[in-house]
Amino acid sequence: MNLDTPTLAGFLSAKFSIDPAEITPATPLFSSGLLDSFHLLELISFVEERAKIRISPGEISLDNLDTPERIVRFVERKQAP
Amino acid sequence: MRKYARTLDGLLAHAHLFDDRPFLLGPGGTALSYAEFLGRVDAVAAWLQAHNIQRWDKMGVFLPKSAAEAMATLAINRLGGVFVNLSSKTTPGRAAEILRECELKALFTTPHMARELVSTAREIGCQLITVPGKAAGVESTGWADIPDLAARPGSLAAAVDNDLAAILYTSGSTGRSKGVMISQRNFLDATARVADYLELSPSDRLLSVLPLSAPWGFLQLTTALHSGASVILQPVAFPVEIVRSVRAHGITGLAAMPPTWIQLVDQLENDGESLPELRYITSSGGVIPPRILEAFPRVFPNARVYLTYGLTEAFRTTVLPPEWFARKAGSLGRPCPNVDIFVIDHGRGLCGPGQRGELIHRGAAVTLGYWKDEEATRAVYKSCPELRPYIGDEVVHYSGDIVETDTDGFLWFVGRRDALIKVAGYRVSAEEIEIAAAESGLVSQAVAFAQPDPVFGQAIHLAIEPLAGQPFDADQFLSHCRRTLPTHMVPKRLHAWDESMPRTGTGKIDRHAVIRVHAGSPGASAGSADITIVSPSPIS
Numbered sequence: 477m478n479l480d481t482p483t484l485a486g487f488l489s490a491k492f493s494i495d496p497a498e499i500t501p502a503t504p505l506f507s508s509g510l511l512d513s514f515h516l517l518e519l520i521s522f523v524e525e526r527a528k529i530r531i532s533p534g535e536i537s538l539d540n541l542d543t544p545e546r547i548v549r550f551v552e553r554k555q556a557p
Numbered sequence: 062m063r064k065y066a067r068t069l070d071g072l073l074a075h076a077h078l079f080d081d082r083p084f085l086l087g088p089g090g091t092a093l094s095y096a097e098f099l100g101r102v103d104a105v106a107a108w109l110q111a112h113n114i115q116r117w118d119k120m121g122v123f124l125p126k127s128a129a130e131a132m133a134t135l136a137i138n139r140l141g142g143v144f145v146n147l148s149s150k151t152t153p154g155r156a157a158e159i160l161r162e163c164e165l166k167a168l169f170t171t172p173h174m175a176r177e178l179v180s181t182a183r184e185i186g187c188q189l190i191t192v193p194g195k196a197a198g199v200e201s202t203g204w205a206d207i208p209d210l211a212a213r214p215g216s217l218a219a220a221v222d223n224d225l226a227a228i229l230y231t232s233g234s235t236g237r238s239k240g241v242m243i244s245q246r247n248f249l250d251a252t253a254r255v256a257d258y259l260e261l262s263p264s265d266r267l268l269s270v271l272p273l274s275a276p277w278g279f280l281q282l283t284t285a286l287h288s289g290a291s292v293i294l295q296p297v298a299f300p301v302e303i304v305r306s307v308r309a310h311g312i313t314g315l316a317a318m319p320p321t322w323i324q325l326v327d328q329l330e331n332d333g334e335s336l337p338e339l340r341y342i343t344s345s346g347g348v349i350p351p352r353i354l355e356a357f358p359r360v361f362p363n364a365r366v367y368l369t370y371g372l373t374e375a376f377r378t379t380v381l382p383p384e385w386f387a388r389k390a391g392s393l394g395r396p397c398p399n400v401d402i403f404v405i406d407h408g409r410g411l412c413g414p415g416q417r418g419e420l421i422h423r424g425a426a427v428t429l430g431y432w433k434d435e436e437a438t439r440a441v442y443k444s445c446p447e448l449r450p451y452i453g454d455e456v457v458h459y460s461g462d463i464v465e466t467d468t469d470g471f472l473w474f475v476g477r478r479d480a481l482i483k484v485a486g487y488r489v490s491a492e493e494i495e496i497a498a499a500e501s502g503l504v505s506q507a508v509a510f511a512q513p514d515p516v517f518g519q520a521i522h523l524a525i526e527p528l529a530g531q532p533f534d535a536d537q538f539l540s541h542c543r544r545t546l547p548t549h550m551v552p553k554r555l556h557a558w559d560e561s562m563p564r565t566g567t568g569k570i571d572r573h574a575v576i577r578v579h580a581g582s583p584g585a586s587a588g589s590a591d592i593t594i595v596s597p598s599p600i601s
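Chains B and X, in that order, are what the protein sequence lines are.
Taken in order, the first sequence gives residues 477 to 557; the numbers are from my numbering.
Taken in order, the second sequence gives residues 62 to 601; the numbers are from my numbering.
Everything labelled a hint here was simulated from the structure, so no lab data went into it.
Beta carbons are placed, not taken as given, at the ideal position from N, Cα and C, and that holds for glycine.
One should not assume that every hint holds.
Simulated restraints, written as ranges between beta carbons of each label pair [as the list claims (entries may be wrong)]:
#	chain 1	residue 1	chain 2	residue 2	range
1	X	ALA205	B	PRO557	46 to 56 Å
2	X	GLN531	B	PRO557	15 to 25 Å
3	B	SER521	X	ARG409	41 to 51 Å
Taking lysine-lysine pairs in the BS3-like style, the calculated list, with each CA pair at most 27 Å apart, reads [said to hold, decoys possible]:
#	chain 1	residue 1	chain 2	residue 2
4	X	LYS433	X	LYS443
5	B	LYS528	B	LYS491
6	X	LYS389	X	LYS433
7	X	LYS483	B	LYS491
8	B	LYS491	X	LYS433
Here are a few chain X residues that face chain B, going by a calculated C-beta distance under 8 Å [what the hints assert, rightly or not]:
#	residue
9	PRO88
10	THR91
11	VAL301
12	HIS549
Next comes chain B alone, as it looks inside the complex (with noise of 0.2 Å):
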């Protein structure tokens, strides 16, 4: 299934109450503080039941998860065939 920017901003907004406002398809999410290691394990739980992919530890990294927009272009690359 694809995940796209409003769907993650939906997600984050309702799972950690975060002002939907907030989140940019370019927003940090990490290194801005706005989430933190326990939101993290359900950000990957919730990117890897949605997309049907995994995750491997090596992966997690603020190139691929910092934004919504760089989440989604990692879930695109990791579907790609």
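Start from chain B and add chain X according to the hints.
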């Protein structure tokens, strides 16, 4: 002649010895020399002084890990003021309470948080300084608008070593988080003993993974200032990012808590890699699993390992020297120089080797008590009848940790005296979670307890009795928990009872019976924080 530093202000003066050396590398590549960093600290202190801040005034710092956070914290001490550094996990509601409790005169925070706290700040006359710039629509001063100084100011305030330097909040075993009052002497004494045992020098580069709102994290700054070392701020503790930073910056020293060691070691082992850059590593805040300890020499081939222990109330008090690591891994080590530790069997006396008792701290490591909480202070900061023959009625600190000493004088952790839960090194009070649950208006009873967790040490489970006659909405309940509790305190698993929980003879919930029912039930596995509802089988 070099002056002996008795206060943090004195430590800043001493640090000018290293003026031309690099001190701090912030996120986003902000690099500051000692002279640049100390100059900015002076500028902020001078600005605060011009805005009627004086010795003993309390000021808050509520910022993500950044150069500004470090500078604001130390600028407050430059004036003889008291800093209250709030963990980034603090909810806005709790932050507002702390603003009032500490009667903060100024708060350094983000524009976003300033908007959340503006009405409380106005009510108590607390000035807002927002980082990086002025917050639109809020009466505040932008960090960037604080002018630099042309010359170094002299002493801005007289502080003595018994002055309060900080109030740092931590969970106790009961009730709300408490503000631990830390003196100038507490910080200076700990700075010297940590810099000594780690043998820090100007060639060291420390990676700061720990929050500056915890004494241990703050000590990385002060031990660097003491010894001329550099600090690289690492706001995100993903193992991949830590590995990258260690390599990119030639990090020589890494301090972290067990969850970070577990994830980092697993990652390095999995990739067959190592970090030869590290000269030392140091851990505190819980027990590291044996398989991780055993991997340390492989993944950190050049690192001396320092396992340490301490509490916010008496921090960095024991260390296991690296030469003992192979023989005593898993021990808390021995008391650091100038720290006195006793193991007491209440009512009986001092414990000998192999006898279990409570760990008691004495000396310069003992902090001053809990801010405005006389009852909680008296419960753990008190004289010790078993020590009266030696030290009279001197006040010592009761740690609540049950330990035993082996025949070589090493301390081993056995357990807690109370129901304190520890998640990823953060102390969590079961009562605080239960209060939050009750405030949801969705449950009639709640019992919080801990279950083992492979990464975080313990995970929080919550058994609840829904309000009678109402369908229980778990999503609504959890969203209430997320709004009112810091993330590490949000229950990982709920156990909803469809009948009454067991009661004691007096009609109170029988906590132990409730917890016994769930003791064998599965904890959520690492990597999946999904919260599920389980219904225990009715008690026969």
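Is the straight-line distance between the alpha-carbon of LYS483 (chain X) and that of LYS491 (chain B) 27 Å or less?
OK: LYS483 (chain X) and LYS491 (chain B) at ~23 Å, within 27 Å.
Cβ-Cβ distance between SER521 (chain B) and ARG409 (chain X): within 41 to 51 Å?
With a Cβ separation near 50 Å, SER521 (chain B) and ARG409 (chain X) satisfy 41 to 51 Å, so the hint holds.
Take a quick look at whether LYS389 (chain X) and LYS433 (chain X) sit within 27 Å of each other, Cα to Cα.
violated (40 Å)
What's the verdict on LYS433 (chain X) and LYS443 (chain X), does the C-alpha distance respect the 27 Å limit or exceed it?
Given that 27 Å is the threshold and the Cα spacing comes to 16 Å, the pair holds.
Is it true that the C-beta distance of ALA205 (chain X) to PRO557 (chain B) lies inside 46 to 56 Å, as the hint says?
holds (49 Å)
Agreement of LYS491 (chain B) and LYS433 (chain X) with the hint, judged by alpha carbon distance not exceeding 27 Å
Status violated; Cα separation ~35 Å.
Holds or violated: the hint that VAL301 (chain X) contacts chain B, with Cβ atoms closer than 8 Å.
Constraint on VAL301 (chain X) satisfied, holds at 4 Å.
Straight-line alpha-carbon gap LYS528 (chain B) to LYS491 (chain B), limit 27 Å
Between LYS528 (chain B) and LYS491 (chain B) the Cα gap is close to 20 Å, so the pair holds against 27 Å.
If you take the shortest Cβ to Cβ gap from HIS549 (chain X) to chain B, is it below 8 Å?
holds (6 Å)
With a cut-off of 8 Å on the beta carbons, see whether THR91 (chain X) makes it to chain B.
violated (13 Å)
Within 15 to 25 Å or not, the Cβ separation of GLN531 (chain X) and PRO557 (chain B)?
Violated, at about 50 Å.
Using 8 Å as the Cβ threshold, decide whether PRO88 (chain X) counts as touching chain B.
holds (6 Å)
In this structure, the earlier hints numbered 2, 6, 8, 10 are contradicted, and the remaining ones agree with it.
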